[in-house]
Structure formats: C-alpha cells, structure tokens
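Enquirer: Line by line, the protein sequences are chains A and B.
Numbered by my numbering, the letters in the first sequence go through residues 1 to 376 in order.
Numbered by my numbering, the letters in the second sequence go through residues 1 to 309 in order.
FYI, nobody ran anything at the bench for these hints, they're computed from the structure.
Honestly, I wouldn't trust all of these hints.
[Stated by the list, open to error] Derived EDC-like pairs: lysine to aspartate or glutamate, alpha-carbon spacing no greater than 20 Å straight-line:
{"no.": "1", "chain 1": "A", "residue 1": "K6", "chain 2": "B", "residue 2": "D68"}
{"no.": "2", "chain 1": "A", "residue 1": "K220", "chain 2": "B", "residue 2": "D68"}
{"no.": "3", "chain 1": "B", "residue 1": "K52", "chain 2": "A", "residue 2": "E134"}
{"no.": "4", "chain 1": "B", "residue 1": "K55", "chain 2": "B", "residue 2": "E26"}
{"no.": "5", "chain 1": "A", "residue 1": "K69", "chain 2": "A", "residue 2": "E134"}
{"no.": "6", "chain 1": "A", "residue 1": "K6", "chain 2": "B", "residue 2": "E88"}
[What the hints assert, rightly or not] Taking CB as the label site, the calculated pair distances span:
{"no.": "7", "chain 1": "B", "residue 1": "E87", "chain 2": "A", "residue 2": "P319", "range": "51 to 57 Å"}
{"no.": "8", "chain 1": "A", "residue 1": "T256", "chain 2": "B", "residue 2": "L14", "range": "36 to 42 Å"}
{"no.": "9", "chain 1": "A", "residue 1": "K6", "chain 2": "B", "residue 2": "D124", "range": "24 to 30 Å"}
{"no.": "10", "chain 1": "B", "residue 1": "S290", "chain 2": "A", "residue 2": "K220", "range": "56 to 62 Å"}
{"no.": "11", "chain 1": "B", "residue 1": "E23", "chain 2": "A", "residue 2": "M1", "range": "36 to 42 Å"}
[Claimed, not checked] Footprint (simulated), chain A over chain B, 3 or more residues, beta carbon under 8 Å:
{"no.": "12", "region": "43-51"}
{"no.": "13", "region": "68-77"}
{"no.": "14", "region": "184-192"}
{"no.": "15", "region": "224-235"}
It should be emphasised that the depicted structure is a prediction, and the values quoted were computed from it without experimental measurement.
Cβ atoms here follow ideal geometry from the backbone N, Cα and C, with glycine treated the same way.
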Amino acid sequence: MLHLIKYRFICTIRDRVSMFWSMVFPLMLVTVFFFAFSNIGKGNLDTIPVAVVNEENSEEADMFCDFLKELEKDDSKMVKIEELSEEKAVKKLKENEVFGVFYAKETPTLTVASQGIEESVLQSLLDSYNRNAETMRTVAKEHPQGISSAAQALSDYKEIVTETAIDGKSVSGVMQYYLALIAMACLYGCFLGFTTAIELQANLSSLAIRRSITPTHRLKLVFADLLVTFVVHFINLMILLVYMQFVLKIDLGGNTGGTILVCAIGALIGVAMGIFVGSCGTKREGLKIGIMLAVSMICCFLAGLMQAQVKNIVEQYCPVINRINPAALITDALYCMSVYNNPQRYARDLIILAVLAVACGLGAFLMVRRERYDSI
Amino acid sequence: MIKIQNLVKRYGELVALDHLNLEIEEGEIFGLLGPNGSGKTTAISCLLALLKYDKGTVEVFNKAMMPDNYAAKKQIGVVLQNVAVFEEMNVRENIDYFCGLYVNNAKERKKLVEEAIRFVGLEDYTRMRPKQLSGGLLRRLNIACGIAHQPRLIIMDEPTVAVDPQSRNKILEGIMELNRRGATVIYTSHYMDEVEQICSRIAIIDHGRCIAQGTKEELKSMIKTGEKITIEGVLLKEENLAEIRQLPHVFEIAYEDQQLVVRCSGAKHNLVRVLNYLQEHDIAFGRVFSELPTLNDVFLEITGKELRD
C-alpha cells in the first residue's frame, strides 16, 4: 500500500497541469483579487468640496440638505458642503473651487464642470439619494436621530457594503469574492480527480489497462489513488489559506478549525466530481475537461465569484440552487461561520456538503471500481 | 497453459471474435498473426479478463481467467501496443512502480528492477523522464515495465510498432532471450517477418477467426505454393504466358509491368524449367528471384488477400 501511495503522490505533485489548476491558479487569482481590491475601502479620496443651492425651501429640499450635512459630519469626510446662491455656486464651479453644484429641490440635481472621480462620487451620491428618497423621508419622519446612519448606509459611492454581525464581527463585501475563490479552489480539485479517473479506467488509457491487469487488488488501487488525490488537494487548499491569512493578511474570520473542515469536505467534492466526470463515457479528454471547467465555473459564478450580488439574486429568486450548488454552500458555510456566527446554518451547509461529497464520492467509486469492460 | 475455446466477442453488430479457439503450450513463443483489426488485441484483452465476452471460455494456467484470478495475474507480464508509462516518473521509478504491483518485497524488487534495466539496455537513461527518450528507448521502457517481475507468461501486443530497425532487433533478441530463460511468450503482430523469425508456433487470425494454426513449416505446407519465382524486365506475349502456365508444377502466373510472378507447387527444378523456356524462345530478362513461401503467401492463399493490407 505504501508503494502505491508513494508513487501516486510523486505522480500527482509532478503533474504540472493538474497542479496548476488546483494550486497555482487559485494562488494567482487571490493575488490578483488582493491587489485589485486593495484600494477599495481605504477612503483615500480627499474631501470633495461641493456647493448646494437651496432656493426652493421645500420639505424635500431641506431633507436633501440634511442628508448632505450628515455626510459632511461623517468620519469619512467625504464632502464639504457650502450653501450658496445659484450665481455664486456657478461662479465657484467655473473657478474650480467646487467639483459640483447640488440643486436641492423635490428631485435634487447635480451640475458638474468636468468628468472625474470626484464628479462620479457626487453623481453616485445623488443617484443613491434619489433611489432611496422614500426611505430617507420615512427615516427623517419617524426616526430623525437615525438619519445619519441612514445617510451613511445609502451612500454607496464605494460600491461595497459593510455588514455587522450580532457578535460585532464585520466583514467587507470584498470578503464574498475571497470566499467564493476558496470555493473555486475546492472545486478545482476536479482536475486532480480527472487525472486519477483516466489512470484507473482501462477503457480510457493504456496506463489504466496496465494497472488493471496486475495482481494488485482493484480496490487497493482505487483507495490509494483517491486518498492521495484528496490529501494533495487538501494540502493545496491549506497552502491557499495560509497564503491568504499570513502573506496577504486577509482576515477570513478567525474560525480556523471551521474553515479547515469546510475545505476538507470541499476538497472531497472537487476530487470526486473530477473522477465522476472523468469516468463517464469514453468521450474525448478535451471535451470532458471542458465540461468539468464549465460546471465548476458556473457553480462559482452562481456563488458570487465574478459578481458578489449574483449569489443574493439566486437566493432571492431560486434558493434551491444555493442549497445544492457546492460552491455556494462552501461560500455560505465560510461566510456564516466567519461573519454571522450562525452555527445552525453552518451545520446545515456542512451536512448538505457532506451529503454531496458522499454522493459524488460514491458515484465516482462505482465508476472506477469496474474490472471488466464492454469495449476498450 | 492457455486454452481459449469458442470465444465470441461482439461490438454491437460487429463480430470481433468469431468462435476463436487457441491452445498455447508452456515454453513456446506463440505468434498471433493477422492484419490490423483482425481481432488480435481483442483476443488478448479477453484473455486478460479485461473485456466481457459473449460466449466461450478462457483458461490460464488451467484455471478460468477472471478479473479476481490474482494468482494467475501475478505470473503474467504484459507489454501493450501503446506505451503505457507515467510521464511524471523517470525510467527507474516507472519500472519500480510496475514491478511493485507484482512484488512486495523491496529488496527483491530492487534486484529485479536493476536486472530489467540491464536487460533492455536502459542503464544510461534511468533518471530520464519518458518524454526525454527516443521512440525506441520508450518501447524498451515499455517492455521493461511489463517484464521486470520475471513472469512465467509474457504477452506482447505489437511491441515493435513504430520502432527503428536497431531497436526492433534488440527487442526481438530480448524476446528470444526471455523465452530461453523459461518464459512462455504470446506475440501479436502484423509483421509476418517478425513472427516468422521468433515464433515457434503461429495462429493466423482474420475477422476474429483462427484460419490456420501450427509451426511455420506446417502452415506453409498447408498451401499449394512451394516456390515463388519472380522475373523482372521480361517482355512476354499471350502465347508465352499460356505456354509458361503449361510448364510442370506451375499453377498460377501473374504478369504486370514487365514483371512475371510464377507460383509453383513444391518440387525441384522449377526455376531451371522457367529459365530454360525463356532462353529457348530468345526472351531477354532482368533480375530473377526465387522465394520459398512466406506467411503472407499462406494468408493470401487462404483468404485471397495480402496480409499487409
């Protein structure tokens, strides 16, 4: 058995293509994500001077002015407002003393002299306000003390959302991408599983034929291959986690044991999926790899890898997908453990993942345990 | 040692093996000769219990060959038509890996691996990966992986396909050496010269059926052709051809592009008679060849087509 494990390990770690997809690619992607997201949320924009013209004196106009004043008071010092007459405001805009002029009225408007980041931020603020004006009105009427928080919450100029959990843990929207990336890395174990399937099934490769006609018990071969593939992929995931936490200093929530457990089940699903797809039929290898890649990418897309909101949209319109999509389950398990501190939901995700892993693993095992074939 | 009886294997409508019967004795080099697609590899796959078959029985070492017949498998070595080695492992690791599937004892295995490396002449390449080896060396590695555990029965499925002549000779010499050491060899090929050179008994397979079986002498004696005379650069008229056809022991002639091929039954002085005829009629001719029948002639006479096809 040790002989089988030793050489399977050598083969697996020297298989450059499979190791690239299961280990190197996630490391590269997380590095890209890290640098891409590193400027978001740092608040490195200077305070934007802006003029406000309130010549209507209507309730709506006053509410908009209050909204801007709350923003001015906020720690982020996003804007510095100056209430002026229209004439003075336009003059200041022309002289580039302000980046824009807000006209406070029933539906507030913005006038800018040029296009730039600051102008975009102002436009984004206005859009956000107009979208949520009704909410703001309600808050202003019923909970005037909360107008500051409401204004803060609605100012989505950074396009990220800060969530606060019951126990005070918080995580940025960027976290969703990192967790989806971990899910992707788990599923990319399918590349390792795929190679294993090809080298176990006599109707798929000469190498498998040679291994099948030896006196080594079939189940021993299958077990050694599965074990090594799983362990190697699990190590790949641990390398990814260590890299994220200790090199890139990405905070994954602190529950290391829980994260490792999710990764272990995720690794099993990834490897089993690869074996299952690899073993199905005798279609070309390229086609099977394409199918495998498509399945894992779709799962990851629906789990929010490319656009964090996708997972929420799926949850809203077709939650059952999120219940059976392994990438979504991995993401959700990591998220609710790290952020929501919701052990029930974590346990539910873990149970479904385990069921999926057993189903995939069983399917894969049934495929590769065959000893005789109809054709080779 | 091996008994295959009434073996039938169908792929849908196609009958790959059609009541195939073979018996192979211990100590022989048994050749399975047939054109591509004749059913040689299918027969080997059934023999190794890799393929399901529709009818018939396969016995190896006097026991039914089943996937779980590990005792039999332990004594069999297989060299496949396609090179089957791990790209990720070097020469020594590959041989050690496959030997380890048969031999558990590490010390014994080490000795066997060294011997296999020496046997195929790969001493200078042990640290190289398969992709660094030439086609011939790769074939040798393929053989080493199949025979390192010193099996009692070696099955070689077209081991010389796409191999340069030097490596081919080395491989054929190796097979004979293995046989001298006591191994029984089943050798499949569509190269009749190879089979003729090394095999003690031969079965000719076509369309999944064994159409002839025996030693090469026995096979040749089954056919009418005793001698094939080829004369190049000869100009003949119809009446000449008719007269040559009437010469004693001539049973078939072919004339095309100034080349005359005369097939005679086994008898003495066939060549002298044909040449005398040409001289008596003042017919000039170029090069002359006289050949004893080959396995291709056997195949041609039995099936009506060339083995090379």
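Enquirer: Now tell me, hint by hint, if it's right for this structure.
Expert: Right, here's what the structure says about each hint:
1. A:K6 with B:D68: 24 Å, violated
2. A:K220 with B:D68: 13 Å, holds
3. B:K52 with A:E134: 73 Å, violated
4. B:K55 with B:E26: 25 Å, violated
5. A:K69 with A:E134: Roughly 18 Å between the alpha carbons, so the hint for K69 of chain A and E134 of chain A holds.
6. A:K6 with B:E88: It holds: about 13 Å lies between the C-alpha atoms, which stays within 20 Å.
7. B:E87 with A:P319: 51 to 57 Å: 45 Å, violated
8. A:T256 with B:L14: 36 to 42 Å: 59 Å, violated
9. A:K6 with B:D124: 24 to 30 Å: At 25 Å between Cβs, range holds.
10. B:S290 with A:K220: 56 to 62 Å: 59 Å, holds
11. B:E23 with A:M1: 36 to 42 Å: 38 Å, holds
12. 43-51: Check passed, 5 qualifying residues.
13. 68-77: Holds: 6 residues of the region 68-77 of chain B have a Cβ under 8 Å from chain A.
14. 184-192: Our answer is that it is violated, as 0 residues pass the Cβ test (under 8 Å) against chain A, missing three.
15. 224-235: Violated: only 0 residues of the region 224-235 of chain B have a Cβ under 8 Å from chain A.
Violation of the numbered hints given earlier is confined to hints 1, 3, 4, 7, 8, 14 and 15; the remaining hints are satisfied by the structure.
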